[in-house]
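J.: Residue numbers (this note's numbering), protein chains in the order written: chain A, 1 to 577; chain U, 578 to 657.
A hint or two may mislead.
Stated by the list, open to error - Subject to a maximum C-alpha distance of 35 Å in a straight line, what follows is the list of computed DSBU-like cross-link-like pairs (lysine-lysine): (1) K541(A) to K530(A); (2) K541(A) to K456(A); (3) K541(A) to K353(A); (4) K456(A) to K292(A); (5) K316(A) to K180(A); (6) K582(U) to K530(A); (7) K589(U) to K316(A); (8) K536(A) to K284(A); (9) K589(U) to K284(A); (10) K54(A) to K589(U); (11) K284(A) to K316(A); (12) K536(A) to K353(A).
Note that these hints are calculated values from the structure, not bench results.
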Amino acid sequence: MRTFVEVLRDNAVYADHAHTFVRMDGSERTISFPDLWRRSCQRAHRLHELGLRKGDRVALILPEPDTFVLAFMGALTAGLVPVPMYPPMTLAKMEAYGETVRHILASSGARALVTVPGLEAMLRTHLVEAVANRGGEEADVRVILDHELEGELSERPTAPCDVSLDDLAFLQFTSGSTRKPKGVMVTHRNLSTNAHAIMFDGLRATSRDRGVSWLPLYHDMGLIGFVVAPLYAQVQVKFLPTLNFIRRPAIWLDAIHRFRGSITFAPNFAFALAARAVSDEQSKDWDLSCLKAVGCGAEPIQPATLRRFVERFSAKGLRPEALLPCYGLAEATLAVTFASLPDPMRTETLDAKAMHGGTATLAEGADGLELVSCGRTFPGFELAIRGEDGGTLGDRAVGEVWVRGPSVMQGYFEQPEETAEVLRDGWLRTGDLGYLVGGELFVCGRAKDLIILHGKNYYPQDIERVVSETQGIRPDQCVAFARPGTEGEECVIVAEAQTASIDPREVASQVKQRVRAELGLPVAEVVFIKRNTLPKTSSGKVRRRDTRARLEAGELELLVARKTAVPAARASSPAAV
Amino acid sequence: MSDTKDLLPLFKSVAERVDRRSFETVTRESVITDLGIDSLSMMQIVGEMETEFSIQIPDEDLVEIVTVGDLCSKVERRVG
Chain A
1 MRTFVEVLRD NAVYADHAHT FVRMDGSERT ISFPDLWRRS CQRAHRLHEL GLRKGDRVAL
61 ILPEPDTFVL AFMGALTAGL VPVPMYPPMT LAKMEAYGET VRHILASSGA RALVTVPGLE
121 AMLRTHLVEA VANRGGEEAD VRVILDHELE GELSERPTAP CDVSLDDLAF LQFTSGSTRK
181 PKGVMVTHRN LSTNAHAIMF DGLRATSRDR GVSWLPLYHD MGLIGFVVAP LYAQVQVKFL
241 PTLNFIRRPA IWLDAIHRFR GSITFAPNFA FALAARAVSD EQSKDWDLSC LKAVGCGAEP
301 IQPATLRRFV ERFSAKGLRP EALLPCYGLA EATLAVTFAS LPDPMRTETL DAKAMHGGTA
361 TLAEGADGLE LVSCGRTFPG FELAIRGEDG GTLGDRAVGE VWVRGPSVMQ GYFEQPEETA
421 EVLRDGWLRT GDLGYLVGGE LFVCGRAKDL IILHGKNYYP QDIERVVSET QGIRPDQCVA
481 FARPGTEGEE CVIVAEAQTA SIDPREVASQ VKQRVRAELG LPVAEVVFIK RNTLPKTSSG
541 KVRRRDTRAR LEAGELELLV ARKTAVPAAR ASSPAAV
Chain U
578 MSDTKDLLPL FKSVAERVDR RSFETVTRES VITDLGIDSL SMMQIVGEME TEFSIQIPDE
638 DLVEIVTVGD LCSKVERRVG
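For reference, chain U alone in the conformation it holds in the complex (with noise of 0.2 Å):
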């Protein structure tokens, strides 16, 4: 993890500003369905974060996340 960047707080920032709700208390290991994040939302926050790095998840990736952690990965594997 030495020279990758962590994504959670921008995570944070980005579910925030889509749900209109804190999400303080999310580690990397939660559970997105658990924290209430719908499709469509869940559709926004990686469009917004592929959008501030300029990057792209393949559909195919997108099955897999469960966890923040687990877009997080996603995301800092194609910035990193």
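This is chain A alone, in the form it adopts within the complex (with noise of 0.2 Å):
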């Protein structure tokens, strides 16, 4: 098997293909397969020159996509360890942002950060508190900025030093809120064999197909999903900025019809978006025909969100079989299951009593929990369903997701009590709850009760400690959870409240408000119980999934009547172990 390093140099001599970047501004970039080598070589000597050597990290914060992808593949040719972190965004909250940067910044011990000139006086004032954090002095991180990076290109380019399968290749933060995001160590190995599973094993994919993706290149989805598996079958992509997208979604299903794009992936959230907010007059020439691969991951994908994408363009020739819905994370590199190729999405809607109880039996009416089959694992990839005591279980037992196999990562980061709670011989533990049906993997959970809107990670804990801070909660008596929504996921607080005579409107309207401005998230209901009714553990630790269960049983005594009764096919989940 070879390196990506290796895949790039081969691909040198396909001089008729090439990838399309689209920058913010709206202009197009091509840079071709054997240009790729060139300024990936021509960049891995420039920052050897610049001091950086094999086994360095460097952090990367570039919002232009081109600008992005040639110094993430220079780094990996110079042999060093790429560290993608997100460019800060119009209004974003620069001071949870700036935390972000500084965590990432000293816990990669990152020995420089390649930047563009409009962000680097900012960055600096975090490179300096980072580096200190660390213990070290401002001088040991150097600021590169992007054309800092180019050069003169050679007509026979080498790599300044050779990079093996079992040296690492990047280090991939994972996404948090408030949490400390932990650094995912992924080697040359895990990129090339989760690269075979997705181009070959999981898209079959030839040289004669086209990927086009907004995804944020920072993240595993965009990053290995578009810039690093696509070059292992010689596949041509067009990349888009990520806010152009959200802010014009057109674009998306545009490209794919102008470039004809085969193969596109993302998050639940995007497909209700598209099929939101896309206009008759803006699609009325489409040909989505050429479309083989839809992929959806990264979060609870929704069933009747992506039949109604296919509804509202299959008149464009969507095929309903190109849906293809997949389950991965960080930890394993990016995929772990895909649906089969050429089937229709396939869903099962389950028993929502059997479900609490930790077993997915079919109902025998429509009501029920509908979930996706997200498919089966790859070739040389285990899968198993565990329960609390760590034993396997059997098919249609629900329990959490545990994956061994050859992308499974090499741990966190300098974090070894991390990485230990989650590697145990070579099984990695998902922290996703789900359950097998003769192979077939259906995801219905997390384990750790995370909460994930719009692709951002929501850890309960953090809605709680805002929740109780609120006047007329009683406080630490509350609870977050998340239920599906029409779009996607939504918050949802059961809280006691401080008195009986509480006006519920009021407060209500204080916690989604509260909530909203420090965490960023929208809560969709806030539910009033009486005083010391909060289900608990007998350690008077909350009880969040019981809770939820009991709510959608109509089990928990309730202070005020609830506005309007969530209907029960949407408001059962599964509880489970």
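Hints given; two lone chains; assemble the complex.
T.: Structure (structure tokens):
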């Protein structure tokens, strides 16, 4: 198996192949495969000239897709360990952004930071603090501006050093809201094996395929799924800036139509956004029959959302069997399972009561919880569902998803305790809940109660802390959890009121405002219950999943009647283990 | 303001659609970040208003937007 650097080198013979990058101002830049290799080598030599050596971490904060991809490839070719980081966005909470930047710079021990002139001053202030936290001095970390990496291109490019499959390739920091992100160590072997699994076992790609992606390049789905994996199959990609897609969702499908894209991926929310925000005028000329794989992953998949997307665009040639639900996580490099490529999306409707008991039994009628099959794992990988005691469970028993295989990470960078929590005998504990049926995986929740909205992770503890500080709520007597909503998941709070005489509308409004202001999270509903009735464990810890199950079953002692009852089919959900 | 359209009601309905919550009490003086609208939602709101009128607000104008009224004015000027 070749490393990504060898793939880049060997692809230099395909002069008629190129990646296309749309920049934020809408202009396009095309870089041929031979040029990708030439520019990677030139940047690699430049990074060595700047004093960086094999194994050194180099942070990348580059908002434009083309400069990011070239810097990333250059760093890998130089044997460095890139640390992709997200750029600040307009109106973003700069305080929270700064905290994340300082944390990642300090915990990755980055020796250099590559960025653009416009961000340099702001990033330097965070850098000083980050370096001090690690006990060093500012001079220890070099700030490199992207144009400093440019230089003369060689006609006979060579890499400055050897890179082998067991070398560390890069650090993927997992997203988190207020929790400290952890650096997932991805080796070249992890990358190559996952790229093979995605392109050949999952997508059965050939060099005639074309990818289109607006996914952020600092996260696994955009970075590995579109920057790394496609080159193993000589697949050309068109990259769009994420914010341009968010502002004008039509550019995604428009690019697929024009570029004749056959492969694209997105999280659930993007399908809802595209179905809602694309106008008939924008889509009138589209022919989407070129799409063979429309992957959906990275956040809980809602079958109704995907069906609405297909219904909206089937008249434009979108085939229902192109939908490809999948499952993965950064700790396994990226992909773990793919649905079968030629088959339409497969779902199961489950009996809610049985699910709460930890068994995935098919519902008798139409009412119940509908879950999507995320397909099977790849050759060379194994899946297991385990109970709380660590024992392996049989088909249709709900438990935690564990995975073993060549793409499982080496651990979290410089965090042996956190690593030991999730890696055991080569098995990775994913923290997700699911069940298997004849090898097909259905994911139904998260063991750690993590709430994922619009691709962002929120820890319930953080939300509960903010709710607790609100006037009218009994401190620490509340829980936060997610339930399926009409467009992705939504956040619900169940809280004990301070007194029975609170104004529920006023307190609920306060709670929503505070959570929104502090964490950026919309709260769909606040449910008030009577004092001392919040479900707890014997040691006094709140029981989120139990509270959620009881709310849905109508078993909580409500202080105030709920305004709108949630339809049973949407409300039901697995409680389990 | 006589011949320009007041876009506050449109802002409210777009924001409600994007953020799935009520913006009933919002005025033109409301500061957008105080409403808890984050940058991703803001981009969607701007984009939906642009699509509605087939207009485009230049990126450099976006940084000047602080209040709901600032955004409405930018759109109104291009529509009116």
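J.: Output the indices of the hints that this structure fails to meet, ascending.
T.: Violated hints: 5, 6, 8 and 10; rest satisfied.
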